[in-house]
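Student: Sequence:
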Amino acid sequence: MANSTTSASANRPEGAERLSEERREAMRGEPPFVEAPTDDTRLVRALKEAGVTAGLVAVLTLFFFFFRTDIAVGGLNLTVDPKSWIIAVGIAFAGRFLLTYFVFAGERPTIGGWKKVAAASARWPIGKVLGITLLLIALTLPFLLMTLLPGQDRYLLDLSILILTYVMLGWGLNIVVGLAGLLDLGYVAFYAVGAYSFALLATNFDLGFWICLPMAGLFAALWGVMLGFPVLRLRGDYLAIVTLAFGEIIRVVLLNWYDFTGGPNGILGIPKPTLFGLEFSRGEGSFSDFFGLEYSSIQRFVFLYYIILALALLTNFVTMRMRKLPVGRAWEALREDEIACRSLGINTVNVKLTAFATGAMFGGFAGSFFATRQGFISPESFTFIESAIILAIVVLGGLGSQLGVVIASVVMIGGIELLRNLTGLQAIFGAGFDPTQYRMLIFGLAMVLIMVWKPRGLVSTRTPSAIYKEKKTIGADLVAQGEGH
Numbered sequence: 000m001a002n003s004t005t006s007a008s009a010n011r012p013e014g015a016e017r018l019s020e021e022r023r024e025a026m027r028g029e030p031p032f033v034e035a036p037t038d039d040t041r042l043v044r045a046l047k048e049a050g051v052t053a054g055l056v057a058v059l060t061l062f063f064f065f066f067r068t069d070i071a072v073g074g075l076n077l078t079v080d081p082k083s084w085i086i087a088v089g090i091a092f093a094g095r096f097l098l099t100y101f102v103f104a105g106e107r108p109t110i111g112g113w114k115k116v117a118a119a120s121a122r123w124p125i126g127k128v129l130g131i132t133l134l135l136i137a138l139t140l141p142f143l144l145m146t147l148l149p150g151q152d153r154y155l156l157d158l159s160i161l162i163l164t165y166v167m168l169g170w171g172l173n174i175v176v177g178l179a180g181l182l183d184l185g186y187v188a189f190y191a192v193g194a195y196s197f198a199l200l201a202t203n204f205d206l207g208f209w210i211c212l213p214m215a216g217l218f219a220a221l222w223g224v225m226l227g228f229p230v231l232r233l234r235g236d237y238l239a240i241v242t243l244a245f246g247e248i249i250r251v252v253l254l255n256w257y258d259f260t261g262g263p264n265g266i267l268g269i270p271k272p273t274l275f276g277l278e279f280s281r282g283e284g285s286f287s288d289f290f291g292l293e294y295s296s297i298q299r300f301v302f303l304y305y306i307i308l309a310l311a312l313l314t315n316f317v318t319m320r321m322r323k324l325p326v327g328r329a330w331e332a333l334r335e336d337e338i339a340c341r342s343l344g345i346n347t348v349n350v351k352l353t354a355f356a357t358g359a360m361f362g363g364f365a366g367s368f369f370a371t372r373q374g375f376i377s378p379e380s381f382t383f384i385e386s387a388i389i390l391a392i393v394v395l396g397g398l399g400s401q402l403g404v405v406i407a408s409v410v411m412i413g414g415i416e417l418l419r420n421l422t423g424l425q426a427i428f429g430a431g432f433d434p435t436q437y438r439m440l441i442f443g444l445a446m447v448l449i450m451v452w453k454p455r456g457l458v459s460t461r462t463p464s465a466i467y468k469e470k471k472t473i474g475a476d477l478v479a480q481g482e483g484h
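For the sequence shown, the positions run 0 to 484 when numbering that gives the first Met the number 0 is used.
Everything labelled a hint here was simulated from the structure, so no lab data went into it. Don't take each hint at face value.
[Claimed, not checked] BS3-like, lysine-lysine: derived pairs with alpha carbons at most 27 angstroms apart:
{"#": "1", "residue 1": "Lys323", "residue 2": "Lys127"}
{"#": "2", "residue 1": "Lys82", "residue 2": "Lys323"}
{"#": "3", "residue 1": "Lys47", "residue 2": "Lys453"}
{"#": "4", "residue 1": "Lys47", "residue 2": "Lys82"}
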């Protein structure tokens, strides 16, 4: 009788639904009489996670802090420094404990509050305000440094020039990776082509900076087209491998073609830029003599700063304008889905070639500026690590974000230089602690923390190039990751 009742109830929708739920419960592998495991308290969870973190840090930093090798007569001298190792492990334990106890495991997690703040701030044009503020600071930076920091103005101005160079390189690579979705690991090749094109034209044909600059960009764009043709059918990881090989081929050619490029000795005597023929040097006919100013070596740095600032702003202007053109929308369509892009009748061959050529041209401009700023170039300046740094700037700032590239360049390039002067860490790790030896380790850990905190980049929102009826902000989870598929 009970079996007939069960079968009858199973024929009804309610009985079938209940039977399905019972089967799902049985498939979970836990009998219905087993109680759910109790959750750890807030303190226990924080201690557990802090202990695991401290253990990982202890293993990873064993050969960085605990053991130390110094050059001695006849070999290496191995010394042990347990104090620094224990302090590093203690800092990791305390930091993870505080984060878990107050942020992740709190009654009201702080993360939810930050999301509400971010949602509320999304209504305000923070990006525009921050962009205008950074532009005003950039335009007046030399005068601010000479007024506020007269003793360090030359060093800080030279560092600002280096940061702007990487900003320009990041914006150029952002066209290829962030907008078109083509993962390029050999962008330093275009940087090298621009630098060597400028150096060879200036030294062999006695041409000035303003004539060689556009020619170097055109040569780099030509090499971008030459790279684009063989890789038209490649996407994702395969494209990355080919571009990496292209960058190494360029470096090896520059290193071995001794008669043309100077080989490992490089090219010396690259002329400096002039302002309408006025050189920034001492003597008659110079910039200071023409305007009746007292000569100062910082005048040349100020001039170089405004040159790279103008080139960077040109790169940003062209990129933003091209994003609103049909070719820019085609880049973004190619990034999202190449198959759908073809089905709409878009010529993906031309779209890829324009992306490679445009990004390579700006890389060539930056390379020519690098050559005239240094006065000397060699293949050692164009290794794979440069491509990795530029790509890290684009990814860390947020794919397709112009403002994110600026922030990431300041954080990465300025952060590496800032870590040289962290003598305050000696009060924690001892007088024998040298921050310059650990600056790359500290910088790498900071990058890991930033990417864990913001996996989509520092600027993770996107503004659509084409607007239909209403302008809306696109979430970062709806944007492809630049893999070309």
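Student: Now, for every hint given, state plainly whether the structure supports it.
Tutor: Taking the hints in turn, this is what the structure says about them:
no.: 1; hint: Lys323 <-> Lys127; result: 17 angstroms, holds
no.: 2; hint: Lys82 <-> Lys323; result: 58 angstroms, violated
no.: 3; hint: Lys47 <-> Lys453; result: 24 angstroms, holds
no.: 4; hint: Lys47 <-> Lys82; result: 24 angstroms, holds
Hint 2 alone, counting from the list given before, is not met by this structure.
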